[in-house]
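What follows is the residue order along each chain.
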Amino acid sequence: MDGLARSPGYDVARIREDFPILGKEIRGKKLVFLDSGASAQKPRQVIQAMTRCMEEAYANVHRGAYHLSEVATGAYEAARGAAARFLGTPDAREVVFTRNSTEAINLVARSYGGGVLKPGDAVLTSEMEHHANLVPWQMLRDAEGIELRFIRVTDAGELDMEDYAAKLADGRVKLVAVTHMSNVLGTVTPAQRIARMAHEAGAVVLFDGSQAAVHRHVDVRAIDADFYVFTGHKLYGPTGIGVLYGKLPLLDAMPPMLGGGDMIASVTLERSTWAEVPAKHEAGTPAIVEAVGLHAAIDYVNAIGFPALEAHERALTEHAMARFSAIEGVTVLGRAQDRGGVFSFALDNAHAHDLSTLLDRVGIAVRAGRHCAEPLHARFGMEAGTCRASFGLYTTLGEIDFLADALVEARRFFRV
Amino acid sequence: MIMFDDLRDLYQEVILDHGRKPRNFRRLEDADRSARGDNPMCGDRMELFLKLTPDGAIGDAAFQGRGCAISMASASLMTEVIKGKAPEAAQALGAKFRDLAMTGTCPECGADIADEMERLQPLSGVHEFPSRVKCATLAWHTLNAALAGAKEASSE
Ligand SMILES: Cc1ncc(COP(=O)(O)O)c(C=O)c1O
Numbered sequence: 004m005d006g007l008a009r010s011p012g013y014d015v016a017r018i019r020e021d022f023p024i025l026g027k028e029i030r031g032k033k034l035v036f037l038d039s040g041a042s043a044q045k046p047r048q049v050i051q052a053m054t055r056c057m058e059e060a061y062a063n064v065h066r067g068a069y070h071l072s073e074v075a076t077g078a079y080e081a082a083r084g085a086a087a088r089f090l091g092t093p094d095a096r097e098v099v100f101t102r103n104s105t106e107a108i109n110l111v112a113r114s115y116g117g118g119v120l121k122p123g124d125a126v127l128t129s130e131m132e133h134h135a136n137l138v139p140w141q142m143l144r145d146a147e148g149i150e151l152r153f154i155r156v157t158d159a160g161e162l163d164m165e166d167y168a169a170k171l172a173d174g175r176v177k178l179v180a181v182t183h184m185s186n187v188l189g190t191v192t193p194a195q196r197i198a199r200m201a202h203e204a205g206a207v208v209l210f211d212g213s214q215a216a217v218h219r220h221v222d223v224r225a226i227d228a229d230f231y232v233f234t235g236h237k238l239y240g241p242t243g244i245g246v247l248y249g250k251l252p253l254l255d256a257m258p259p260m261l262g263g264g265d266m267i268a269s270v271t272l273e274r275s276t277w278a279e280v281p282a283k284h285e286a287g288t289p290a291i292v293e294a295v296g297l298h299a300a301i302d303y304v305n306a307i308g309f310p311a312l313e314a315h316e317r318a319l320t321e322h323a324m325a326r327f328s329a330i331e332g333v334t335v336l337g338r339a340q341d342r343g344g345v346f347s348f349a350l351d352n353a354h355a356h357d358l359s360t361l362l363d364r365v366g367i368a369v370r371a372g373r374h375c376a377e378p379l380h381a382r383f384g385m386e387a388g389t390c391r392a393s394f395g396l397y398t399t400l401g402e403i404d405f406l407a408d409a410l411v412e413a414r415r416f417f418r419v
Numbered sequence: 529m530i531m532f533d534d535l536r537d538l539y540q541e542v543i544l545d546h547g548r549k550p551r552n553f554r555r556l557e558d559a560d561r562s563a564r565g566d567n568p569m570c571g572d573r574m575e576l577f578l579k580l581t582p583d584g585a586i587g588d589a590a591f592q593g594r595g596c597a598i599s600m601a602s603a604s605l606m607t608e609v610i611k612g613k614a615p616e617a618a619q620a621l622g623a624k625f626r627d628l629a630m631t632g633t634c635p636e637c638g639a640d641i642a643d644e645m646e647r648l649q650p651l652s653g654v655h656e657f658p659s660r661v662k663c664a665t666l667a668w669h670t671l672n673a674a675l676a677g678a679k680e681a682s683s684e
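Here the protein sequences come in this chain order: A and B. Residues 4 to 419 in the working numbering are what the first sequence spells out, letter by letter. Residues 529 to 684 in the working numbering are what the second sequence spells out, letter by letter.
For the record, the hints were derived by calculation from the structure and aren't laboratory data. Ideal placement from N, C-alpha and C gives every residue a C-beta, glycine not left out. Hints are supplied without guarantee of correctness; some may be wrong.
If you want the ones that stay clear, here's a sample from chain A, every Cβ over 10 Å from chain B, calculated [stated by the list, open to error]:
#1 TYR61
#2 HIS220
#3 ALA353
#4 ARG364
With the Cβ distance kept under 10 Å, some of the chain B side facing chain A (calculated, not the full set) [what the hints assert, rightly or not]:
#5 ASP534
#6 ARG536
#7 MET569
#8 ASP572
#9 ALA597
#10 LYS624
#11 ARG626
#12 LEU628
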């Protein structure tokens, strides 16, 4: 497996040394971790930054006038700045820290959806969404009398752009919420075009960048996104921290979802006034250590650089598509023109859970099920679920070969 | 060379056979009892139908659904071994089967159910796979629900 560790992008073997867990044996087997789309492994740089924060520079933020609190506040705000630059905005006030993508989307659904949208307005999402970008809108629909519409997905696994235009046509859609990269099909959606069409129809647009921000260079200004969310743990950072990017006037117009400390300007027993954005949307003690970890993760990814990351991923994706398509009995979901390193597949003679139990035996970690996208599996007639292999910056061509060989053997095993 | 031979304990031929061609795989239109079983985590789903005899025993049992080889095989084998049993006896057998699925053995299983346990023995391999035990027990949860007159069972 190691001979194939080089890629057009960078020296993967070198990079793998940064990830302590990749050197470990799991139940006596070398780990072949192909579930980075669910959550990525962490480099030592992230682990150490978080440890250092707790050992040397920890206190609550925005509260103490003593030195240590100032240091911690500085580190927390530096993380915000890093996240802002990572997304392409010069204004760090446009970055709200949340727990994860799910919380970021719920914040928009509740505060923008509940506070700014009116009954009779429509929200447009798609058949391709993770439940995190579907359920909050269903809840908004039920609570506020807002209509919910869905952009159809083509057989190739792309957004049907004609259907998109048609669903915007009556001008009632006020918010479009779509994924920037599918966690099932690997499809990267045409964000810039989606945003332009939304704006022309008088809607704001939110992108679920949970997968895209890991695999593609994102520039919210170039896309002209109104909201953009991602989650730290998929970007080689810690759990417990996510990002909501929002254009300043929109974040300003949104009422806070949670009330409490850190989000107020003044409080009397009768009433309170809100702090400025972004503090207004960050009630309570935030995930300080996790923010520091996310900062280290962003630095780590930037040090490799997106041109190299994208080249590496392209090599993996092309190789995987070629190998998996050549195996008899394997169906890969999604053939989008623009797709990244996420492959959901089914074997003709084995259920996804049986297959993943086999793969686990030889050290391969893949996800089995419907990957929090039940409607999409139904759309492709895969109600029973699929297995999903998803790649990270440490994935090697050799690991893809190993999976492909295992699939051939698994099919033989279930044939009896 | 990748080999899965050590997984033959879990996927014995009986399991693959019942998984692929489940017995009693049909609706009972005149069922006296039925219940749905759902394993939301994996998407396994089944509906169990029971026809009772005048004295209350399980006269016929059948199921429909979809799921992994283990859940389908377990449901298939269950419908075979519970036929003719009184509800209490079928539930008691289910409790023993759960022991088998969780530990791989059933030291307390008496001679009275020796035949049934032998039929179910091929499923004992799941005890080594904690995340798969619920695949094997879903059918029996569904049986309990059906006998209790409930409509839904979940193995979560
Ligand atoms: C496309 C997509 N959206 C949203 C999420 C939710 O992320 P989180 O669970 O970190 O909120 C995920 C990952 O699970 C995802 O892949």
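* Asked: Which numbered hints does this structure break?
  -> Hints 3, 4, 10, 11, 12 not satisfied by this model.
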